[in-house]
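Starting from the known structure of chain Y, fit chain F onto it as the hints suggest.
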Amino acid sequence: MKGVPARIRGVNETVAAVATPIPSDADVAFDELYRRNRDDVHAYVAGLLRDRSTAEDVTALAFERAYRRRRSFNPKRGTRRAWLFGIARNAALDELRRRRRQATLAAEPADVAATPPDQGADVAARRAALRAALAELAPRERELVALKFFAGLTNPEIARVIGISETNAGTRLHRVIQKLRRFCDEAA
Amino acid sequence: MRLLEREMPMDPEVERELEAIERALAGLRVDPDLDDLAELASELRSERPEPTAEAEARLDRLAAAGFPARSSDHLGRLRQRVSSAFRPVREKGARRLLPALGVTGVFLVAIGIGVSASGILRGGENGSPQTVSQQAKPGGDVQPSADPGQAERQATPTVRNSSKTERFTQHLEPANKPSSASGDLSAAGPNYRKIAQSVDLALSTSPNDFRDAADGVLDVVRAHRGFVVRSDVSGGDPGVRGAKRGRANFTLRLPAGELSAAMGDLSNLGHVVSRSDGALDITKRFVSARKAIDALTAARDGLLRALGHAVTIIEQQSIRARLRIVQARLASAHHDLVTAQQRVHLVPVSVTIAADSAAETGGPWTIGDAFHDAGRVLTVTAGAALVGGAALLPFALLVALGAAGRREWVRRHRNRALEAAPGSSAS
Numbered sequence: 001m002k003g004v005p006a007r008i009r010g011v012n013e014t015v016a017a018v019a020t021p022i023p024s025d026a027d028v029a030f031d032e033l034y035r036r037n038r039d040d041v042h043a044y045v046a047g048l049l050r051d052r053s054t055a056e057d058v059t060a061l062a063f064e065r066a067y068r069r070r071r072s073f074n075p076k077r078g079t080r081r082a083w084l085f086g087i088a089r090n091a092a093l094d095e096l097r098r099r100r101r102q103a104t105l106a107a108e109p110a111d112v113a114a115t116p117p118d119q120g121a122d123v124a125a126r127r128a129a130l131r132a133a134l135a136e137l138a139p140r141e142r143e144l145v146a147l148k149f150f151a152g153l154t155n156p157e158i159a160r161v162i163g164i165s166e167t168n169a170g171t172r173l174h175r176v177i178q179k180l181r182r183f184c185d186e187a188a
Numbered sequence: 001m002r003l004l005e006r007e008m009p010m011d012p013e014v015e016r017e018l019e020a021i022e023r024a025l026a027g028l029r030v031d032p033d034l035d036d037l038a039e040l041a042s043e044l045r046s047e048r049p050e051p052t053a054e055a056e057a058r059l060d061r062l063a064a065a066g067f068p069a070r071s072s073d074h075l076g077r078l079r080q081r082v083s084s085a086f087r088p089v090r091e092k093g094a095r096r097l098l099p100a101l102g103v104t105g106v107f108l109v110a111i112g113i114g115v116s117a118s119g120i121l122r123g124g125e126n127g128s129p130q131t132v133s134q135q136a137k138p139g140g141d142v143q144p145s146a147d148p149g150q151a152e153r154q155a156t157p158t159v160r161n162s163s164k165t166e167r168f169t170q171h172l173e174p175a176n177k178p179s180s181a182s183g184d185l186s187a188a189g190p191n192y193r194k195i196a197q198s199v200d201l202a203l204s205t206s207p208n209d210f211r212d213a214a215d216g217v218l219d220v221v222r223a224h225r226g227f228v229v230r231s232d233v234s235g236g237d238p239g240v241r242g243a244k245r246g247r248a249n250f251t252l253r254l255p256a257g258e259l260s261a262a263m264g265d266l267s268n269l270g271h272v273v274s275r276s277d278g279a280l281d282i283t284k285r286f287v288s289a290r291k292a293i294d295a296l297t298a299a300r301d302g303l304l305r306a307l308g309h310a311v312t313i314i315e316q317q318s319i320r321a322r323l324r325i326v327q328a329r330l331a332s333a334h335h336d337l338v339t340a341q342q343r344v345h346l347v348p349v350s351v352t353i354a355a356d357s358a359a360e361t362g363g364p365w366t367i368g369d370a371f372h373d374a375g376r377v378l379t380v381t382a383g384a385a386l387v388g389g390a391a392l393l394p395f396a397l398l399v400a401l402g403a404a405g406r407r408e409w410v411r412r413h414r415n416r417a418l419e420a421a422p423g424s425s426a427s
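Going line by line, the protein sequences match chains Y and F. Its first residue numbered 1, the first sequence is counted upward by one per residue in the working numbering. Its first residue numbered 1, the second sequence is counted upward by one per residue in the working numbering.
Just so you know, the hints here were simulated from the structure itself, not pulled from any lab data. The C-beta atom is built at its ideal place from N, Cα and C for all residues, glycine as well. Warning: the hint list may mix true and false statements.
[As the list claims (entries may be wrong)] Where chain F lies over chain Y, by a calculated footprint (3+ residues, C-beta under 8 Å):
hint	region
1	52-62
2	75-87
3	125-139
4	143-151
5	168-174
Pulled out of the complex, with its shape left as it was, chain Y reads as follows (with noise of 0.2 Å):
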């Protein structure tokens, strides 16, 4: 016992303490990349969708696949934001499909008087006419939209999701802004 330090004379017994699994850096990324991205990727989903009930399912699918995929991220590919709507697209694009599979579901219905009680006349008119240009436009632009406005990506960030280049995204996003602002200017 001579050696031994006198902190641990007569200690006979040690209580391990239970042992919690440590995250690893994927995981503890992937809750970065959730905390951050939840109501984006639902913005996004629902506006591809135009169906909010369908947008949560498709929404919690999509983060399932990209939990499960979490540790394949290739940072050399793009940041972890547009491989995360590159996952939510196709399971969009996916319950798009399955959709057609099953039977034509009619879209939800834009409700174009929902309007908040304490705005004027003027911008509830404006309102109207911004929903109902939305509606006008095809899906493929509603997409892009619903990239820029709903979900905040960068161009980069929409050329990545979308597979195209960033010039091609900015002048496609760019036609898409003039369309909506034609549509709306007629409205008024």
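Relative to chain Y, chain F alone:
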């Protein structure tokens, strides 16, 4: 097309407006002439669908549970089970070692195949294959015989003897090659071919095993119902100091039906130095003897009839003299036939056994042997890897092609689904 789009510079006005949208979304001021654009961007932003509180809570619950696969998603559930089973391995960082482990495993398998195929572990032969030739003697075609093992060897030009790793190279004519003999032979048919076989076998044993091997020859001959024509065993007595190196020569006769099994047993008595198998088609000799017997029998019968009708003594004496000649020829023809039959049914086998200290099993394994064995293992391993790669490459290409095709198919269907999504009244 994408390259062109990437290289094409954007219209400065478009770029300015996109920049204004970015600024508006970030809550920054924009140029006054783009106020309406900024306002549109803000309005679009305010149209963003928000999840309900219940949906948020549900998603958070799923996130906390690690997004478990749904009950309907059997594949997903299976994946999760596998993933959780391997979680401790992943946490210990063993995942990084997987490629190295995989490559090592492949090499170990290839080395195993190499060692197995090179025959080093089989022993008894010092890994050196022996060449054994089997040649048809000139003038004879090898044909199917009563011995199935022999027939099999004749049908296959090159046969590998698995027990001894010996290469049998047969320089034989095809079994069904038309015979050069006359029509009499062809009338005999292929099933009536008479093949006279012969085998010469040379064995070597260690000095200590020499006597046992020599005694073993006799046991084998007895077991296969053959007999020893001649034997000569000299030297090799382990009890006598300075005794001559042992050498034994046997001339045997073995039944043709037992030849294959008997040769296998004889080969097991020692290290096979050489083996020569011969086969001679003696069908023509058979047919000639039979024809001669038939002709002479007919002649004898004719002479006997003529003798019965002979009137004068001189005539009878003449016929008797001719009869004696015919009967002598008939006996000779019978003898020929019996000899040929014996030649076919009893195969002459010559066995030579030599005591050789180099053939000692379990002898010293030198560094030269080690290099030799290592070289063989590497050669066979490389061969096995090459063959494996060649076999797997087309398969891998097919799988890659299939995977790429499936990805493209899914991508197209997704795009089609997007095009056909409801609410696309304008394009």
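Exercise. Within the assertion that chain F covers the region 143-151 of chain Y, do at least three residues meet a Cβ-to-Cβ distance smaller than 8 Å?
Worked result: holds (count 5)
Exercise. Counting residues of the region 52-62 of chain Y whose CB is closer than 8 Å to a CB in chain F, do you get three or more?
Worked result: holds (count 5)
Exercise. Do at least three Cβ atoms from the region 125-139 of chain Y come closer than 8 Å to Cβ atoms of chain F?
Worked result: With 10 residues closer than 8 Å to chain F, the region 125-139 of chain Y meets the three-residue bar; holds.
Problem set entry | Coverage of the region 75-87 of chain Y by chain F, judged on three or more residues with CB within 8 Å | violated (count 0)
Problem set entry | Whether chain F covers the region 168-174 of chain Y (at least 3 residues having a Cβ closer than 8 Å to its Cβ atoms) | holds (count 5)
The structure shown violates just one earlier hint, number 2.
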